[in-house]
Amino acid sequence: MLAEVRGIVGALRKETDPRAVGPVLVTGMLAEQLARQLGAGADPGAVVVDASRLAHCSVLVHVIAGDPGVADDELVRQADLDGVPVILVQLWPQATWTTPYVFTPFVVECRAGEGFPVPAITARIVEAVEDSVELGRKVPIVQEKVTEAVVGTSMIRAAILASFGKRSRAARPLITLEQIRMLTELRQLDEKTSASGTDALKSIAPFAAAVLGAGFLFREGATAAKRVLPASIVDASVAAAGTWMLGEALRRLSSRDD
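Number 71 in the working numbering belongs to position 71 of the sequence shown; there are no gaps in the numbering.
Derived from the structure by calculation, the hints contain no laboratory data.
Being a predicted model, the structure only gives us computed values, none of them experimental.
Note that beta-carbon positions come from the ideal geometry of N, C-alpha and C, so glycine has one too.
Keep in mind that a hint or two might mislead.
Each pair of labels, with its calculated beta carbon distance range [unchecked claim]:
| # | residue 1 | residue 2 | range |
| --- | --- | --- | --- |
| 1 | Glu248 | Leu30 | 35 to 41 Å |
| 2 | Ile156 | Arg53 | 33 to 39 Å |
| 3 | Glu109 | Glu130 | 22 to 28 Å |
| 4 | Met29 | His56 | 19 to 25 Å |
Given the sequences, and given the hints that come with them, work out the whole structure.
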């Protein structure tokens, strides 16, 4: 138990290290309109339309109408050189137009008369960026998609770790750390400023305690279920369900506080 607590403290220190994240850059046709939608409630400078800032951005959202042209190709190539992921939003796509997947795997179609599909665009942003949690703190409109991604990823990781069968005992600390990491990231989405060091550890410590306590309850449930179901299936299912329950509990708690 002592070794597990020490491991948790070490993991918490890494999770609470402050990170810098660049803005969302929107370019192309109707860029300012889309930037206003993505930037609703965002920190100043978190969503920009200044293409000269490309190299310092977290993601490029480029709006095109028709087949991609030379300028579009040059912009995407420059983003690739700068290590900036690209989301292409194609306005009013036609059957005769080239599908621009050759430029980027993140393509969103915008049908005529329907306005920008902001939920689809934010989902692609979360998939593309390296640090979606920190971006979510600055750009509230992506927070829902970030939450879904964080919880979903943790559920999969926990299930994989738990499915090790006879080695599940050794995997327990790893599952605990994964669940704490999830709660830490979800909590960071609600923070206006990034805490670090001792202050950050103090704010997250209650979640670590909650995960450790819930772990005992989850294992009790798994023990009972193993009487009728294969152990590997039970372990994976309980780990995934337990991870979802922890994330959902924090989400409801945050909603109540708001």
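(request) With 22 to 28 Å as the target window, see if Glu109 and Glu130 comply at their CB atoms. (result) At roughly 25 Å between Cβ atoms, Glu130 and Glu109 fall inside 22 to 28 Å, so the hint holds.
(request) Could you tell me whether the CB distance from Glu248 to Leu30 stays inside 35 to 41 Å? (result) Holds - the Cβ-Cβ distance for Glu248 and Leu30, about 37 Å, lies within 35 to 41 Å.
(request) Indicate whether the distance between the beta carbons of Met29 and His56 respects the range 19 to 25 Å. (result) holds (23 Å)
(request) Evaluate the given range 33 to 39 Å for the C-beta pair formed by Ile156 and Arg53. (result) The hint (33 to 39 Å, Cβ to Cβ) holds, given that Ile156 and Arg53 are roughly 35 Å apart.
Figure legend: structure checked against the earlier numbered hints; every hint is met.
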